[in-house]
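Asks: Residue strings, one per chain:
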Amino acid sequence: MSAPALLRYRFAARAEALADMRHALKSSLKAKAVSDAEITRLVLAVDEAASNIIRHAYRQCTPGEIELTLTRVRGKLRFRLRDYAPPVDSKCVKPRNLDECRPGGLGINLIDDIMDRWRLRALKKRCGNVLVMFKRLTQVRVSSRSKHGSRDR
Amino acid sequence: MDRGIVESKHGVFGILDVRGEVDLSWSQELRGAVLKALQQHDALAVRLAAVDYIDSSGIAALVEGFQQARGKQQPFILLTPSPSVRAVLELARLDRVFQIREHLD
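These protein sequence lines map, in sequence, to chains F and W.
Just so it is clear: in the first sequence, position 74 is 74 by full-length UniProt numbering, and no numbers are missing.
Just so it is clear: in the second sequence, position 32 is 32 by full-length UniProt numbering, and no numbers are missing.
Everything labelled a hint here was simulated from the structure, so no lab data went into it.
A virtual CB, placed ideally from N, CA and C, is assigned to each residue, including glycine.
Some hints here could point you the wrong way.
Simulated DEER-style distance windows between Cβ atoms [what the hints assert, rightly or not]:
#1 F:K125 to W:R101: 35 to 41 angstroms
#2 F:E16 to W:R70: 31 to 37 angstroms
#3 W:K9 to F:T138: 46 to 52 angstroms
#4 W:R96 to F:K94: 18 to 24 angstroms
#5 F:A3 to W:K9: 35 to 41 angstroms
#6 W:R93 to F:A122: 29 to 35 angstroms
#7 W:E29 to F:P86: 27 to 33 angstroms
#8 F:C101 to W:G4: 35 to 41 angstroms
#9 W:R101 to F:S2: 33 to 39 angstroms
#10 W:L35 to F:K124: 23 to 29 angstroms
#11 F:S35 to W:E102: 41 to 47 angstroms
Over 12 angstroms on every C-beta distance to chain F, these chain W residues come out as not near it, computed from the model [stated by the list, open to error]:
#12 Q39
#13 Q73
#14 L104
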């Protein structure tokens, strides 16, 4: 049986919808006693992921929707972002070299740094992609039986 | 949502006071304001004390301004970044790239 969702939030894949999504996520994390500093980082990571979906997955397509689901899985927070955009090649989604000072391309670095691990999967039969990010938090009032996460990249 | 950019002048410095949450929905406005101010002033300071949130697109706008200023040898300063801005700058390792100050003088 899958874990009950701490948050289910469906929003338009438009930049103007990001602020409300961030605030909903922030409220949900606050209710789970996550520290303010950690909330700031987690909200940033999810926002960066959603921004990438809007900019790179949907691109010129008719604006679609994004579904954010937050669950607790074996002592970790699990953030799932599902879109209905054309399939994205996960091999093209890479962090960039931070020693290069140039605008853009920082989003994946931030996600990488903040989350324990993440994976992006294009759905084969249906249009869309699923990005799942995990974070183990000691501040969260959950079981701490799980092991440290490993990176999927 | 309370957000915006107010421009003022202090000596040779143009100052942009930015407030609110800088995300994908209006980071292009910040980019435009920074690039325009760099054309109008000998030096530029971007005050970020009232910025509650900034994402990578907002950071990219600042990096572009920084690069343009560096190319023309114009001083480009970030003033009093809020804790959330500072955290993102640190995550992106840009706290060592930008000139960050608490005061202009």
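Asks: Confirm or reject each hint.
Replies: Do the hints match the structure? See the list:
1. The given range of 35 to 41 angstroms is broken by K125 (chain F) and R101 (chain W), whose C-beta atoms sit roughly 55 angstroms from each other.
2. Checking the proposed 31 to 37 angstroms range against E16 (chain F) and R70 (chain W) shows it holds: the Cβ atoms sit about 33 angstroms from each other.
3. K9 (chain W) and T138 (chain F) have their C-beta atoms about 48 angstroms apart, which keeps the hinted 46 to 52 angstroms range intact.
4. For the pair R96 (chain W) and K94 (chain F), the supplied restraint of 18 to 24 angstroms holds, since their beta-carbon distance comes to about 23 angstroms.
5. At about 56 angstroms, the beta-carbon gap between A3 (chain F) and K9 (chain W) misses the expected band of 35 to 41 angstroms.
6. The beta-carbon spacing between R93 (chain W) and A122 (chain F), approximately 31 angstroms, falls within the hinted interval of 29 to 35 angstroms.
7. Here the CB-CB span from E29 (chain W) to P86 (chain F) is close to 29 angstroms, well matched to the stated 27 to 33 angstroms.
8. Range check, C101 (chain F) to G4 (chain W): Cβ separation about 27 angstroms, and the 35 to 41 angstroms hint is violated.
9. Distance hint check for R101 (chain W) and S2 (chain F): the Cβ-Cβ separation is about 50 angstroms, which falls outside the suggested range of 33 to 39 angstroms.
10. Checked against the given bound of 23 to 29 angstroms, the beta carbons of L35 (chain W) and K124 (chain F), roughly 43 angstroms apart, lie outside it.
11. In this structure the hint that S35 (chain F) and E102 (chain W) lie 41 to 47 angstroms apart at CB is violated, the actual value being about 26 angstroms.
12. Non-interface status of Q39 (chain W) relative to chain F is upheld: no Cβ of that chain comes within 12 angstroms, the nearest being about 18 angstroms off.
13. Taking the minimum C-beta to C-beta distance to chain F, about 16 angstroms, the non-interface status of Q73 (chain W) holds against the 12 angstroms cut.
14. Distance check for L104 (chain W) against chain F: the nearest CB is about 23 angstroms away, which clears 12 angstroms, and the non-interface claim stands.
The structure fails to meet hints 1, 5, 8, 9, 10, 11 from the earlier list, while all remaining hints are met.
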